Amino acid sequence: MSAHETTVSHEHHGEHASMTKSLIWKVFFILLGVTLVEFFIALYALPHHWFSQEIANFVYIALTIVKAAYIVAYFMHLKFEKVGLIISVVLPIVFLVYFVALMIIEGNYLLFAIK
Amino acid sequence: MSTVAHLEEEVKSSAWSGGKSPFSVEYGKLMMWFFLLSDVFTFSALLIFYGAMRFKSHSWPDPDVVFRSVPGVEHGEYPLVFVGIMTFILIASSVTMVLAVEAGHRNSRKEVLNWMFWTILGGITFLSCQAWEWSHLMHEGMTLHHNPFINADGSTGAVQFGQLFFVITGFHGFHVFTGVVINIVITINVLLGTYERRGHYLMVEKVGLYWHFVDLVWVFVFTLFYLV
Numbered sequence: 001m002s003a004h005e006t007t008v009s010h011e012h013h014g015e016h017a018s019m020t021k022s023l024i025w026k027v028f029f030i031l032l033g034v035t036l037v038e039f040f041i042a043l044y045a046l047p048h049h050w051f052s053q054e055i056a057n058f059v060y061i062a063l064t065i066v067k068a069a070y071i072v073a074y075f076m077h078l079k080f081e082k083v084g085l086i087i088s089v090v091l092p093i094v095f096l097v098y099f100v101a102l103m104i105i106e107g108n109y110l111l112f113a114i115k
Numbered sequence: 001m002s003t004v005a006h007l008e009e010e011v012k013s014s015a016w017s018g019g020k021s022p023f024s025v026e027y028g029k030l031m032m033w034f035f036l037l038s039d040v041f042t043f044s045a046l047l048i049f050y051g052a053m054r055f056k057s058h059s060w061p062d063p064d065v066v067f068r069s070v071p072g073v074e075h076g077e078y079p080l081v082f083v084g085i086m087t088f089i090l091i092a093s094s095v096t097m098v099l100a101v102e103a104g105h106r107n108s109r110k111e112v113l114n115w116m117f118w119t120i121l122g123g124i125t126f127l128s129c130q131a132w133e134w135s136h137l138m139h140e141g142m143t144l145h146h147n148p149f150i151n152a153d154g155s156t157g158a159v160q161f162g163q164l165f166f167v168i169t170g171f172h173g174f175h176v177f178t179g180v181v182i183n184i185v186i187t188i189n190v191l192l193g194t195y196e197r198r199g200h201y202l203m204v205e206k207v208g209l210y211w212h213f214v215d216l217v218w219v220f221v222f223t224l225f226y227l228v
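Heads up: the sequence lines are chains A and B, in that order.
All residue numbers for the first sequence refer to full-length UniProt numbering, where the first residue is 1 and numbers rise by one.
All residue numbers for the second sequence refer to full-length UniProt numbering, where the first residue is 1 and numbers rise by one.
No lab work stands behind these hints: they were computed from the structure.
Watch out, some of these pointers could steer you wrong.
Distance condition first, Cα-Cα at most 30 Å in a straight line; then the derived BS3-like pairs of lysine-lysine [claimed, not checked]:
1. B:Lys56 to A:Lys82
2. B:Lys29 to B:Lys110
3. B:Lys20 to A:Lys82
4. B:Lys20 to A:Lys26
5. B:Lys20 to A:Lys79
6. A:Lys26 to A:Lys82
7. A:Lys26 to B:Lys29
8. A:Lys79 to B:Lys110
9. A:Lys21 to B:Lys29
10. A:Lys21 to B:Lys110
11. A:Lys21 to A:Lys82
12. A:Lys79 to B:Lys29
13. A:Lys79 to A:Lys26
14. A:Lys21 to A:Lys79
If you only want the chain B side, here are some residues facing chain A, beta carbon under 8 Å, derived [said to hold, decoys possible]:
15. Val25
16. Gly28
17. Leu37
All figures in this text were calculated on a predicted structure; none of them were measured in a lab.
Beta carbons: idealized from backbone N, C-alpha and C, even for Gly.
Here chain B stands alone, though its shape is the one from the complex (with noise of 0.2 Å):
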């Protein structure tokens, strides 16, 4: 009897057999993990046919030009430079995300809100860098349906160029606007000591993978919409 009862302890406690967590990480954070993954699709599929739609054409505008402009400087030529900085501000306040990580392992929790603090600040400056970046283009002319920048080889700009810049950009946007968000509630927790008496700062790790996430897809979008 009880050499059976030691040994269904013993296929309990492997890996494999519903003892413990095969990938010892804690379910909330595998299952953001496995939304993150399905998050990866969707982005893929958005950047890969903005991709076969620039395959297909015979020319494409050029991104110096249209992304040329800095606010504050009339009719300035400096491509790439505003994009650079909202570049810098996303992939800075990722580092201050894990800073923030890293705080919560040692259970510091005037830490994690200091580096909470600068991600979301991190977070808002690169949402009004986009929201002036739109707004300056759509006043150029440039809408879902109308494309005012002619090719790069002369010709009649691509006409779905507009739709697929605001689409994707507008849907990273969208993903920049909710971690943003889920960064404030977490950090509110953070503040009311919610995570101090469980003891563990594993929700700040969650929304870290979020926010990582979107500072990733923010690096493919910058090198294909902006460098390509």
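Just chain A, same shape as in the assembly (with noise of 0.2 Å):
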């Protein structure tokens, strides 16, 4: 048992070379400028009416993404696990499109057929 567990950190080990310090601090750094984006279209781009607020809310839900991709794949490591981990945890998220897509269609129907 303890064997096994040796040579399962060990395996770890190795693929976690990948995650450098200097890869931390990137990373930070494009969270920190990913973050810094939303607050300019929130503090200056939409108060200047340079586009409209539904097109800002589809900006940050994408940033949010990008951010969050960034977050599970260098600093919770996922890019380096194996596939199938990956996929485990991935796919079952795909689940919950369906589950946005629902509820819009049910507050659409809120919206405009209960007054």
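Put the complex together from the two separate chains, hints included.
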């Protein structure tokens, strides 16, 4: 049992060599930069009517998914795991797309059908 | 006889035949991933319901008006400044957590201790900020069943705003709180040299996954409550 655990931790060690200090800081500055872009949109671009709130919302959500992807791939190290693990973690999230679609249809009904 | 034994050995050593872990991660870490996946669905249910509530409303309170205060400034008008600081603190504490994990791979007990300390400090600071924000909003009259803020178009504010805000940020705050407690337990173990004797710092990695998840959820809460 202990021998097995040691093997696993050892294999791990090899894979983890890919996550260096410089990469950690690089990801940090990407996350910080994306957040600053979001603040720029909220505090400068929108008050100056560069584009509508609807477009801004779309951009916000897209940037949020980019940040989420960086956190999961690098900080949580999923990018460097076995393909099987990546699929078993990421694939179930497909259900959420259906959930969102369902709730948009429902919200649309409540907004226009019921007055 | 020896051929059979040889074949058995070969079957057992392939990835999906029970010989070794097909994911090549330790059991506890795999279970942490699956726990976090279940937590993803819990938070998604809350956030998607909140989205649906907004989508069905003609208008909604303007976040730039609701979240405009910073501590120490009376009647200040600083939209998003305070929550920006909170976001920065949480992302920074996520970075110190990865640095702790990285130090763990090099079995450097001193560095792990140092980075864990900063991570815990970041977590406690974030919780204090949230406590201030909550008490400030309650002071302005926001409760689970009352919303003092008018909608962006000037109509009476959506009643469910207060409840959605407190339940969702509260559920996230509870995760931060448990994360800080678990981080403290792990740090005590590092201090006692438990993982040094074990020969690896896998426990730091597991609690790290949980801590990054807390950061991940905040990224979504921040966008959906404070920006959209």
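Hint by hint, here is what the structure shows:
no. : hint                : result
1   : B:Lys56 to A:Lys82  : 42 Å, violated
2   : B:Lys29 to B:Lys110 : 23 Å, holds
3   : B:Lys20 to A:Lys82  : 13 Å, holds
4   : B:Lys20 to A:Lys26  : 34 Å, violated
5   : B:Lys20 to A:Lys79  : 21 Å, holds
6   : A:Lys26 to A:Lys82  : 23 Å, holds
7   : A:Lys26 to B:Lys29  : 25 Å, holds
8   : A:Lys79 to B:Lys110 : 28 Å, holds
9   : A:Lys21 to B:Lys29  : 22 Å, holds
10  : A:Lys21 to B:Lys110 : 16 Å, holds
11  : A:Lys21 to A:Lys82  : 22 Å, holds
12  : A:Lys79 to B:Lys29  : 15 Å, holds
13  : A:Lys79 to A:Lys26  : 16 Å, holds
14  : A:Lys21 to A:Lys79  : 16 Å, holds
15  : Val25               : 6 Å, holds
16  : Gly28               : 10 Å, violated
17  : Leu37               : 6 Å, holds
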